[in-house]
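Chains A and B are the protein sequences, given in the same order.
Residue 36 in the UniProt record's numbering sits at position 36 of the first sequence, and the numbers go up by one each step.
Residue 249 in the UniProt record's numbering sits at position 249 of the second sequence, and the numbers go up by one each step.
Quick caveat, the hints were computed from the structure, so don't treat them as lab data.
The reader is advised that the hints may include incorrect statements.
[Stated by the list, open to error] Straight-line distance between alpha carbons at most 20 Å, and here's what the computed EDC-like set of lysine to aspartate or glutamate pairs gives:
1) A:Lys149 / A:Asp168
2) A:Lys55 / A:Glu277
3) B:Lys287 / A:Asp112
4) A:Lys153 / A:Asp168
5) B:Lys292 / A:Asp112
6) B:Lys11 / A:Asp112
7) A:Lys206 / A:Asp112
8) B:Lys91 / B:Glu378
9) A:Lys149 / A:Glu125
[To be verified] Just a sample of chain B residues kept apart from chain A, beta carbon distances all over 10 Å, derived:
10) Asn19
11) Trp47
12) Ser119
13) Leu197
14) Arg224
15) Arg248
16) Pro279
17) Leu291
18) Tyr363
19) Cys367
By construction, the Cβ of each residue, glycine as well, lies at the ideal position given by its N, Cα and C atoms.
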Amino acid sequence: MTNDKPPIWRDHRFWQITAQFIAVFLAAILVTILWSNLNRNLQQLGIQFGFDFLKQQASFDIGETPITYKATDTYTRALWVGLINSLRVAIAGIFFFTTIVGITSGIARLSDNWLVRNISLIYVEIFRNTPLLLQLLFWYFAVFLSFPKVENKVSLWGFISFSQNGIDLPWVHFSPEFSALLLGLIFYTGAFIAEIVRGGIQSVPKGQWEAARSLGLKPGLVMRLVVFPQALRVIIPPLTSQYLNLTKNSSLAIAIGYPDIYFVASTTFNQTGRAVEVMLLLMLTYLTFSLTISIIMNLLNRTVQITER
Amino acid sequence: MINYQLTWLRKNLFNTWYNSLLTVVGLVFIFWGLYNVINWATTQAQWAVIQVNLRLFLVGRFPQTLYWRAWIVLAIASVLFSLTSGIVFNKQSLNKLGLAIFAFIYSLLLIILPLDLTSRIWLLFIATLTLTSFWLGKTFYKTITPWLSPFWLLSFPVIIWLIGGGLGLQNVPTNLWNGLLLTVLMAVVSIIISFPLGVLLALGRTSNLPILRWFSILYIEIVRGLPLIGILFLAQVMLPLFLPTDWRLDRVIRGIAGLVLFSAAYMAENVRGGLQAIPHGQIEAAKALGLKTPLVILLIVLPQALRAVIPAIVGQFIGLFKDTSLLSLVALVELTGISRSILAQPQFIGRYAEVYLFVGLIYWLFCYSMSLVSQRLERQFN
Chain A
1 MTNDKPPIWR
11 DHRFWQITAQ
21 FIAVFLAAIL
31 VTILWSNLNR
41 NLQQLGIQFG
51 FDFLKQQASF
61 DIGETPITYK
71 ATDTYTRALW
81 VGLINSLRVA
91 IAGIFFFTTI
101 VGITSGIARL
111 SDNWLVRNIS
121 LIYVEIFRNT
131 PLLLQLLFWY
141 FAVFLSFPKV
151 ENKVSLWGFI
161 SFSQNGIDLP
171 WVHFSPEFSA
181 LLLGLIFYTG
191 AFIAEIVRGG
201 IQSVPKGQWE
211 AARSLGLKPG
221 LVMRLVVFPQ
231 ALRVIIPPLT
241 SQYLNLTKNS
251 SLAIAIGYPD
261 IYFVASTTFN
271 QTGRAVEVML
281 LLMLTYLTFS
291 LTISIIMNLL
301 NRTVQITER
Chain B
1 MINYQLTWLR
11 KNLFNTWYNS
21 LLTVVGLVFI
31 FWGLYNVINW
41 ATTQAQWAVI
51 QVNLRLFLVG
61 RFPQTLYWRA
71 WIVLAIASVL
81 FSLTSGIVFN
91 KQSLNKLGLA
101 IFAFIYSLLL
111 IILPLDLTSR
121 IWLLFIATLT
131 LTSFWLGKTF
141 YKTITPWLSP
151 FWLLSFPVII
161 WLIGGGLGLQ
171 NVPTNLWNGL
181 LLTVLMAVVS
191 IIISFPLGVL
201 LALGRTSNLP
211 ILRWFSILYI
221 EIVRGLPLIG
231 ILFLAQVMLP
241 LFLPTDWRLD
251 RVIRGIAGLV
261 LFSAAYMAEN
271 VRGGLQAIPH
281 GQIEAAKALG
291 LKTPLVILLI
301 VLPQALRAVI
311 PAIVGQFIGL
321 FKDTSLLSLV
331 ALVELTGISR
341 SILAQPQFIG
351 RYAEVYLFVG
361 LIYWLFCYSM
371 SLVSQRLERQ
381 FN
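Just chain B, same shape as in the assembly (with noise of 0.2 Å):
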């Protein structure tokens, strides 16, 4: 055992002189780092910045009487997606060391976070719905499949009336939602809106109409061109002037315009690298099948073209979710800008390491598990 353990020392650290020098000076620099972060961690940085202010990281001043709606939103969200990755990777076991690391993550949370006992129960319904639910999905996925599309499409509503109000709910202004709350459900929703928009987008770029393609071309090349900030600045301050005065529109919905008007864009490439991975072959078997142009697209080409760039559409809803902090410079106050407004607390003023590295890790721990997922995703369609 110890001569395995040796040997595989020498094969993978020692097996020449440089390799050698390398792995003597990244342990050093591994020791010297570490020593340095624990060092800080424990006896310089004042963490009651994080542990007071955890309800405003998570969902900033969401009236606090009406946290269960904002439970039951997660719910729905977490059923629904476990549900659908229990249907996706039904094929593969259930992997006993994933269970075990999300249920030692878990109960961590559970321990560690400075919560109150209301919201631990609703954290362990929660989980334990989340486990069924992928299990579920997994063995049902014949009979669930067909349902999942309209669960989607009808939660959404759902989601926006519980986190909103109104029909009987009681209001609750966009200026409060805040944190990361607002974070995900800006991402989200630009995502969603600017998914037709970009596949309208990318088929006019390859379509032969010449006037269609161009009108796409520029607008792709020109959004493309542009910083993103820019394009916020335009939402948020040059749409109100496009738009009839007397139409005021909230700030949240000009972010999400200026997220989808720049999503759309890069949407667009993504879906027009799958369009062109289709063989001309298929089109024109289909064509002469009979069947007319629109529904060529329709039925053969998009089915087809949308499964090849689904790991390019993980990776570009990554790329938003980190990119919803740039609405923190146009006054949105999510997961960066409430980070922002906890530091201008004058018991706090100067604990930015500890406050930045806890939101960096919040968005660090949303940004890897999906693209853990993409990556799965991608070896179940190869």
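The shape of chain A in the complex, shown without the other chains (with noise of 0.2 Å):
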């Protein structure tokens, strides 16, 4: 018997070390040639890489500042009040109202009650199926700024009151631009949370809705107590990806005026012509929310899985 070792062209194991050798090398050369395009055409723009520009004066002005902000401040400063714009909208869209909204109607499209149920697809069809963008120029041209001037608001019951000048409520106010980009997040998002929150409560078999009624628990309880702890468990993924969503979503707020983190950032560069840092700033902020909202949900995900022994 001879101990004849197949030629190393004919060893799997070979071919697939050099590939990635291969793939490795490939990548390098086109890194190489991108970085050495990126100095030469920066250089011949008279920019330098680096970030040093962070600590000039911004000179412009924001819109709105929840922490004092004046032009004369650094573009660290005006950056920071992008990054906290920004997680305002994210965290009153995600966590509060476009919750709400999607799992409600979520529900109603379940409703045993006809008309119910057909508004909620009704809203459903028509906001999922138009641009998001178009929904927030809607809210703010058509919506905000064509309500009356703040001298004659329109004041509902005494304590809510809209004009121009935004939503008014006794302890707190709110821009038009912040309120479009809220509510166009919220009903745009909350359509798409609706179908994941209906495929999720549908998952659930039958028999244990049977099971809750015949043990005599009214529909409001057999949803609560049974049917929607089990339908978590598939809603909780697709569920992360539309706050995801929602978050990276919230850069659109550049089209109606709203200072976030990317509009901020935006004319940071058209100032600076930063391009290459700007861009890596951004990249980071995004990466950053992402990655705290993928954590989050998945701790929760944990939480609502069976636990088996």
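Mind docking these for me? Both chains are given alone in their own frames, and the hints should help you get the complex.
Quick look at the structure:
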């Protein structure tokens, strides 16, 4: 019995390693070419890579400043303001309104009331099938900017009032930009969440409903105690990606002039021409957002899974 | 009969006290909403902005003398689409109601839209073509099926040639491709290019070669963590910085590049879902027959995986179609972009509601019909 080894080119391990080496090599060449192009182009534009521009004076005004900010502050401060503005929209949108709208209309889609079911269906089909950007433009220009002037604002039940200046509650004021962005994101994302919730609830076997009802539970309690907790297992993973989408979509604020992080970063770029650095900062910000949401949702996901011995 | 309707009402609207309450609230809400909307649409809205600018919405500043080329493009696309759907849905009997709705909407469009005689004749001609080719596809699906992919592949360069000109046709620069024409074109081109890239990335991500896998994961996760507007900005502003100084990329091409970079990552995740749905036994069986890995992937895994994710891909196409509206933020004049420029016309200032509702209706018609198709596809495959 001869112990001939097959020639090396017949060995698939050889090819696996070679293929990876080739991939790394090609990637390295590509990066080198792109990098040298970038350096040459930046040199021609007279820009040097570096983040020291962040310490310069921003000298632009921001419409909405949750922390004190003046045009003489630095770019760093301006970007902070943008970041906080983004967080305001994302947190209000995610943890509160979108979830409520989505779950309500998702459950309404399965109501035994024909009218409720169909109103919810129409809502979902309208909002899911038109671009978010268009909805934002509509909310802002066609709705909020067509409200009456501040002098003759419309007041509902004495405590909420609408005007071109935004929405006023006794304890808080929402600018028209913030309100339009928030409403747009809520109704758009809510329509997607509604479908996810509906799918999740439908995935719970019919027998569970019947068993719970035969134990004498009322329909509301069946939903709350038996069906919904089980549906959550199916709902949470796609829900996470909707939350991520909402956070990323808040960057469309730039279309209606709400000063979120993308808006401020883009102004910074326009004034300094620092495309690469600004883009890196943006990437870092959004990746941090995404990671945070993923981690929180994954923890939540773990708590709702079936615990087996 | 009345008894039956009463039973229906009681069962579906008034079966419990809270359902009765919900019904009443819902009815009040609907009537209040409808009253206001109809009141606004008939007395306050000025629809002239749509009438006057209809051409701009559809094809923008595409030269008027060359409209026949756009019409031929529409005809080619309709024929191919209806042939394909005829073949896909050959088992289902032709839905009389669907046909009636199609004819009704089409004739309504022919009557309502403020078009000239030539356009009406073209529309009628294309409607006839669509119906005929659907019927052809349904009846002769065995003969036509093998020709379908070559037709699609061939149609693509022909359509680009018809729109852009060159090779004997008068040139139309890309800044004149506007409106709905540009929206559809960019969505279709981007999804076509991102498809093979997405498949490669998905294969890379599920491959057992660690370096390839990490490259794919890195790309997919970074792109999916960024907002699309950032990627479009990257493509418009940074792509030229990364290319040699004397390469001048067209704005439309840079837009497509951005959409492709973005869409490929999402496509990869869709395809990965399909790949994971293939039982491992299939791969082992194919290998046991002596097939090499690339052949196993090409002949056994991919066809099944792609078939499983067709609905997801249609869903992604709908998303991409909506996302093209973001191109208006990087100064491309597609449907949303042209509506902004129409709103800047001095005689139509402030007509936001009319314009955005109309544009929204166009997007909605496209996306909703695509989602209907996707639902039927899903039923067909199950």
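Results for each hint:
1. A:Lys149 / A:Asp168: Cα-Cα ~13 Å, so holds.
2. A:Lys55 / A:Glu277: Within the cut-off at roughly 13 Å; holds.
3. B:Lys287 / A:Asp112: 52 Å, violated
4. A:Lys153 / A:Asp168: 10 Å, holds
5. B:Lys292 / A:Asp112: Violated, at about 55 Å.
6. B:Lys11 / A:Asp112: 9 Å, holds
7. A:Lys206 / A:Asp112: OK: A:Lys206 and A:Asp112 at ~15 Å, within 20 Å.
8. B:Lys91 / B:Glu378: 14 Å, holds
9. A:Lys149 / A:Glu125: 33 Å, violated
10. Asn19: 5 Å, violated
11. Trp47: 14 Å, holds
12. Ser119: 26 Å, holds
13. Leu197: It holds; B:Leu197 is separated from chain A by about 15 Å at its closest Cβ, greater than 10 Å.
14. Arg224: Per Cβ check, B:Arg224 is inside 10 Å of chain A; nearest 8 Å; violated.
15. Arg248: Per Cβ check, B:Arg248 is outside 10 Å of chain A; nearest 13 Å; holds.
16. Pro279: Fine: 22 Å to the nearest Cβ keeps B:Pro279 off the interface.
17. Leu291: Holds, because the least Cβ-Cβ distance between B:Leu291 and chain A comes to about 13 Å, which exceeds 10 Å.
18. Tyr363: 5 Å, violated
19. Cys367: 4 Å, violated
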